[in-house]
Amino acid sequence: MTNEAVQLAGLTRRFGPVTAVDGLDLTIRRGEVVALLGPNGAGKSTTIDMLLGLLRPDSGEVRLYGESPAKAIARGAVGALMQTGGLLPDLTAEETVRLAAALQRNPRDVGEVIARAGVAEFARQRVGGLSGGQQQRIRFAMALVSNPDLLVLDEPTTGMDVETRRAFWASMREETAQGRTVLFATHYLEEADDYADRIVLLRAGRIVADGTSAQIKAAVSGRTIRATVPGADLAGLAGLPGVERVETRGEQVLLHCDDSDAALRALLDATTAHDIEVTSRNLEDAFIALTVAGSAS
Amino acid sequence: MNLTYLRLEAVRLFRNKRVVIFSTLMPALLVLIIGGVSVGGDPDAKQYVMVSMALFGAMTAAISSGGTIAVERGLGWNRTLRLTPLSPGAYVLNKVLLALLVAVPPVIVTFAIGAAGLHVRLTAAEWVLCFAGAWLSSLPFAALGVVIGYLAKPDSVQQVSALINLTLAAFGGLWVPVSLMPDFLRYIAKLTPSYWTGQVARSPLDGGHIDTQAVIVLLGWTLVLAVIALRRFRVDTARA
Numbered sequence: 001m002t003n004e005a006v007q008l009a010g011l012t013r014r015f016g017p018v019t020a021v022d023g024l025d026l027t028i029r030r031g032e033v034v035a036l037l038g039p040n041g042a043g044k045s046t047t048i049d050m051l052l053g054l055l056r057p058d059s060g061e062v063r064l065y066g067e068s069p070a071k072a073i074a075r076g077a078v079g080a081l082m083q084t085g086g087l088l089p090d091l092t093a094e095e096t097v098r099l100a101a102a103l104q105r106n107p108r109d110v111g112e113v114i115a116r117a118g119v120a121e122f123a124r125q126r127v128g129g130l131s132g133g134q135q136q137r138i139r140f141a142m143a144l145v146s147n148p149d150l151l152v153l154d155e156p157t158t159g160m161d162v163e164t165r166r167a168f169w170a171s172m173r174e175e176t177a178q179g180r181t182v183l184f185a186t187h188y189l190e191e192a193d194d195y196a197d198r199i200v201l202l203r204a205g206r207i208v209a210d211g212t213s214a215q216i217k218a219a220v221s222g223r224t225i226r227a228t229v230p231g232a233d234l235a236g237l238a239g240l241p242g243v244e245r246v247e248t249r250g251e252q253v254l255l256h257c258d259d260s261d262a263a264l265r266a267l268l269d270a271t272t273a274h275d276i277e278v279t280s281r282n283l284e285d286a287f288i289a290l291t292v293a294g295s296a297s
Numbered sequence: 001m002n003l004t005y006l007r008l009e010a011v012r013l014f015r016n017k018r019v020v021i022f023s024t025l026m027p028a029l030l031v032l033i034i035g036g037v038s039v040g041g042d043p044d045a046k047q048y049v050m051v052s053m054a055l056f057g058a059m060t061a062a063i064s065s066g067g068t069i070a071v072e073r074g075l076g077w078n079r080t081l082r083l084t085p086l087s088p089g090a091y092v093l094n095k096v097l098l099a100l101l102v103a104v105p106p107v108i109v110t111f112a113i114g115a116a117g118l119h120v121r122l123t124a125a126e127w128v129l130c131f132a133g134a135w136l137s138s139l140p141f142a143a144l145g146v147v148i149g150y151l152a153k154p155d156s157v158q159q160v161s162a163l164i165n166l167t168l169a170a171f172g173g174l175w176v177p178v179s180l181m182p183d184f185l186r187y188i189a190k191l192t193p194s195y196w197t198g199q200v201a202r203s204p205l206d207g208g209h210i211d212t213q214a215v216i217v218l219l220g221w222t223l224v225l226a227v228i229a230l231r232r233f234r235v236d237t238a239r240a
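Residue numbers (our numbering), protein chains in the order written: chain A, 1 to 297; chain B, 1 to 240.
Don't take each hint at face value.
Claimed, not checked - Away from chain A, derived, C-beta distances all over 10 Å, residues of chain B:
1) Val20
2) Ala28
3) Pro43
4) Asp44
5) Glu72
6) Pro85
7) Leu129
8) Arg232
Unchecked claim - Derived CB-CB ranges, DEER-like:
9) A:Ala167 / B:Arg7: 23 to 33 Å
10) A:Lys71 / B:Met181: 52 to 62 Å
11) A:Lys71 / B:Ser38: 56 to 66 Å
12) A:Arg75 / B:Arg7: 20 to 30 Å
13) B:Leu151 / A:Lys71: 55 to 65 Å
14) B:Pro182 / A:Gly132: 56 to 66 Å
15) B:Leu29 / A:Arg75: 48 to 58 Å
These are computed hints drawn from the structure, not numbers from a lab.
A quick note: this is a predicted structure, and the numbers were derived from the prediction, not measured.
From the three backbone atoms N, C-alpha and C, an ideal C-beta is built for every residue, glycine too.
The task is simple: from the sequences and hints, build the whole structure.
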């Protein structure tokens with residue numbers, strides 16, 4: 001019995017000239033809730049496909065609970081929600097979940113899962129006539145009914161409206177409270193921030209940051225000053241001590257600073273700035289700094 | 001065997017209606033036209049036509065059932081199944097059992113038309129053996145359907161299945177008796193599985209026995225096609 005749910009070692013996959021996943025090493029322990037965060041094309045889906053054994057890596061190895069993905073899946077240890085397709089339009093929602101349950105070794109109660117995943121209200125309708133968000137809830141129910149140790153979700157809230165998304169994460173929280181290991185891919189920062197114990201930030205097939213939300217924010221030091229500056233001279237503001245970069249948002253300017261104290265003193269001396277706010281950088285800033293700014297260097 | 005899976009797959013097949021209607025209607029029309037008009041009053045010819053058409057319907061149904069795999073692959077359903085403990089063997093076995101299930105209605109309908117419309121008269125034993133022969137010898141075509149389901153594209157699978165089906169029916173002697181064919185066509189006929197299914201299904205008409213050589217040839221065809229189908233299932237990992 002290994003303590004590691006997922007072990008990826010030196011995982012690499014190329015598509016023609018593009019290296020989608022580039023020497024990825026990642027270990028996920030039992031009970032962790034991990035977000036695989038990155039912009040489109042960062043290699044999230046390719047990583048998940050290899051993790052589940054749907055795609056063969058060019059090199060490197062995948063172990064789920066110390067076994068090959070195929071073995072772990074055959075044992076019923078893994079449940080997965082994939083991004084697109086994978087449903088039969090001529091079955092009803094309930095039949096689909098019932099079928100998914102029938103194929104598992106140790107399934108949960110179908111009625112309970114249908115209620116939990118929010119499928120009950122359209123349970124008797126054919127899948128083909130349902131909206132993208134409703135189909136996504138069916139996929140979620142199929143993943144839940146398998147009663148897995150490891151739940152893998154590839155962009156789980158794609159196509160869901162805001163309310164459905166909130167309901168989805170509320171039911172996910174109840175799931176993870178029971179000690180299930182979860183890996184989900186997302187490009188929504190707030191989902192990673194709100195629901196993951198640990199965020200793995202991916203860019204161009206490599207891990208650029210790995211830690212709690214707070215650790216990743218801290219990796220990008222500095223603060224932002226937001227102020228209304230009448231007759232602002234952007235070049236002049238950018239030249240103030242401690243200022244790295246200047247942006248405008250309508251009437252307001254944003255000064256991204258490595259030393260906000262020095263910048264603030266200079267700003268008050270040099271201008272008639274008012275309505276001043278100083279904030280530490282959020283996950284979005286860290287995300288941009290690590291994924292976009294990093295790619296230019 | 002997973003009964004819930006089998007039941008829901010059967011629900012899908014009969015809900016879609018297309019396979020069932022097409023495979024039953026075609027032989028029903030053919031048996032009326034050829035058996036009722038073309039062959040005149042010869043009772044042996046009527047028997048031959050009835051059993052051959054029943055077989056043709058069973059074969060059509062069995063091939064189309066496997067063809068649904070191509071559509072499922074297009075939908076990404078195979079990826080979904082790969083993420084469950086369902087084994088490749090169970091998946092293919094399931095498709096073959098479904099094929100045998102949808103092969104029943106065309107045989108029943110064609111025999112009913114033969115008995116009521118063409119006044120075909122057989123002993124009870126001959127009816128039973130002909131039914132079993134026409135129905136069960138669709139087995140290699142069920143496996144063939146699975147192979148087509150893996151090799152064809154979702155949007156062309158129907159045309160590909162129909163072409164293979166009609167070619168096999170024609171060259172296997174289901175429409176024109178092999179005994180009326182020139183020598184080289186007779187030789188080709190023996191290379192098709194449909195010739196041997198014809199032998200199995202019609203053999204009870206000559207004294208109520210089953211042609212064991214033909215049965216062995218058909219089992220060979222089934223085995224080879226089933227092995228190809230299993231290999232395709234394992235290779236089939238592409239993202240839909």
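Hints, verified against the model:
1. At roughly 13 Å from the closest C-beta of chain A, the C-beta of B:Val20 stays outside 10 Å, upholding its exclusion from the interface.
2. Every beta carbon of chain A lies more than 10 Å from that of B:Ala28, the smallest distance being close to 25 Å; the non-interface claim holds.
3. Every C-beta of chain A lies more than 10 Å from that of B:Pro43, the closest at about 44 Å, which supports listing it as non-interface.
4. Against chain A, the non-interface label of B:Asp44 holds: every CB pair exceeds 10 Å, the least being about 44 Å.
5. Remark: the non-interface label on B:Glu72 conflicts with the geometry, its nearest Cβ contact in chain A lying 7 Å away (cut-off 10 Å).
6. In this structure B:Pro85 is not separated from chain A by more than 10 Å, as the shortest Cβ-Cβ distance comes to only about 5 Å.
7. For B:Leu129, the condition that its CB be more than 10 Å from all CB atoms of chain A holds, with the nearest at approximately 36 Å.
8. Chain A leaves B:Arg232 outside its interface by the beta-carbon criterion, the shortest separation being 16 Å against a cut-off of 10 Å.
9. Hint check: A:Ala167 to B:Arg7, Cβ distance near 31 Å, so the stated range 23 to 33 Å holds.
10. Checking the proposed 52 to 62 Å range against A:Lys71 and B:Met181 shows it holds: the Cβ atoms sit about 53 Å from each other.
11. Between A:Lys71 and B:Ser38 the C-beta distance comes to about 59 Å, which sits within the given range of 56 to 66 Å.
12. Distance hint check for A:Arg75 and B:Arg7: the Cβ-Cβ separation is about 25 Å, which falls inside the suggested range of 20 to 30 Å.
13. Between B:Leu151 and A:Lys71 the beta carbon distance is about 28 Å. The supplied range of 55 to 65 Å is therefore violated.
14. Taking the beta carbon of each, B:Pro182 and A:Gly132 are about 59 Å apart, inside 56 to 66 Å as hinted.
15. A beta carbon spacing of about 51 Å between B:Leu29 and A:Arg75 agrees with the range 48 to 58 Å that was offered as a hint.
In summary, the structure is inconsistent with hints 5, 6, 13 from the numbered list given earlier, while agreeing with the others.
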